[in-house]
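Asks: Next come the chains, spelled out residue by residue.
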Amino acid sequence: MNRPKADEDRELVARTQAGDPHAFDELVIKYSPRLYGLVYNMTANHEDTNDLLQDVFAKAYKAIRGFRGKSSFYTWIHSIAVNMTLNFLKKRGRRFHMSLDDVDAGIQSDKEFLQLTARSSPVREADLSELQKRLNEAMMKLSDEHRAVVTMFHIQGMPHAEISKILKVSEGTVRSRLFYANRQLQNYLDEFRKNPVS
Amino acid sequence: MDEFDDKEIATLLRLKRHEQPPPGYFEDFLHEFHRRQRDELLRQPLWRICLGRANEFMFRLNLSRLTSYPAAVAAVLVCAAIVSVRVYQEPQRANFAARQQTTFNLSAETEAGLSLASPVAARIFSTKPLRSSKSGHTHPRNSGTPPRYVLDSVPVSYEPTVRF
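Residue numbers (this note's numbering), protein chains in the order written: chain A, 1 to 198; chain B, 1 to 164.
Mixed in with the good hints, there may be bad ones.
[Claimed, not checked] Here are the simulated DSSO-like cross-link-like pairs (lysine-lysine), alpha carbons at most 30 Å apart as the crow flies: (1) A:Lys194 x B:Lys7; (2) B:Lys7 x A:Lys59; (3) A:Lys168 x A:Lys194.
[Claimed, not checked] Quick look at which bits of chain B chain A covers, simulated, 3 or more residues with Cβ under 8 Å: (4) 27 to 40; (5) 76 to 84.
Keep in mind that the hints were calculated from the coordinates and are not lab data. For every residue, glycine included, the Cβ atom is placed at its ideal position computed from N, Cα and C.
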């Protein structure tokens with residue numbers, strides 16, 4: 001399933017390396033939505049995400065001649081995005097404000113969302129915007145590294161092996177970070193359940 | 001269920017996929033990317049642009065790959081030339097020649113000494129030194145002593161030494 005995609009990427013990379021700028025445009029079109037989601041969920045700010053994503057592609061374009069295909073282009077570009085975002089977050093520190101995107105209308109027909117709101121759960125009581133705000137607050141209380149793992153695993157749906165390649169850590173480290181982050185998120189959201197209004 | 005379990009947290013996080021940028025954002029993203037690339041290019045000094053173009057040209061030609069084999073061959077030839085020059089240096093050649101000459105002299109004298117045509121007595125008293133003190137092969141301590149005559153080369157024989 002991934003083979004044709006990988007072949008397609010390889011061909012686009014080869015064309016870019018040969019000097020065809022349109023090939024890189026195709027890579028930008030292909031990867032920008034996915035990378036946007038990754039950076040956005042790590043920064044929780046739309047403007048920062050936009051600037052970072054532009055920088056990620058500019059850096060990738062400059063460095064693509066040195067890309068020898070030892071890993072897939074997918075892994076390579078994700079590594080650039082994660083590393084640049086982590087560096088940015090270190091510089092930004094705690095001084096930031098959330099600038100969240102709107103939830104698209106598609107959520108109303110999402111099966112998981114319907115199941116979650118149908119059951120007797122704390123989610124049912126909270127309206128959607130409040131829940132989004134709380135979840136993002138909880139996410140931002142995690143360390144940058146833990147947030148990166150949560151974003152890639154839960155939101156982007158990447159397997160542990162892929163995350164370990166991108167972050168250049170072992171799969172065990174990825175699993176332990178996920179476990180710790182889940183516990184943290186659980187604690188923050190439980191507080192929300194106890195005090196839904198505050 | 002009063003508490004959020006792992007499954008619910010995972011589901012909530014997956015729902016964050018629905019947080020999307022304004023419509024048309026990704027269409028504009030590519031134009032913005034091109035605009036920033038152009039701006040960056042214009043801000044660069046001329047020499048850097050030229051260097052970049054030259055780099056690009058070299059990369060397209062793939063000169064590094066083309067030149068690698070001739071460069072390797074040239075390196076091997078240079079090394080071989082250096083080694084051969086050292087091997088056939090002047091002092092070593094002179095030594096070798098001197099040694100060769102000594103060997104030739106020695107063999108000639110030995111042949112003369114062992115010739116069957118000459119009588120044994122004559123051979124015994126033909127006390128020509130095989131090595132002269134002038135040849136420089138004597139020990140420095142023996143430089144003052146008379147030249148050493150080598151008689152060992154005469155074969156042992158029971159023939160009568162005097163003929164009537």
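Asks: Each hint should be assessed against the structure and marked as holding or not.
Replies: Taking the hints in turn, this is what the structure says about them:
1. A:Lys194 x B:Lys7: 19 Å, holds
2. B:Lys7 x A:Lys59: 37 Å, violated
3. A:Lys168 x A:Lys194: 39 Å, violated
4. 27 to 40: Holds, because 7 residues of the region 27 to 40 of chain B bring their Cβ atoms closer than 8 Å to Cβ atoms of chain A.
5. 76 to 84: The restraint on the region 76 to 84 of chain B is violated, since only 0 of its residues have a Cβ under 8 Å from chain A and three are required.
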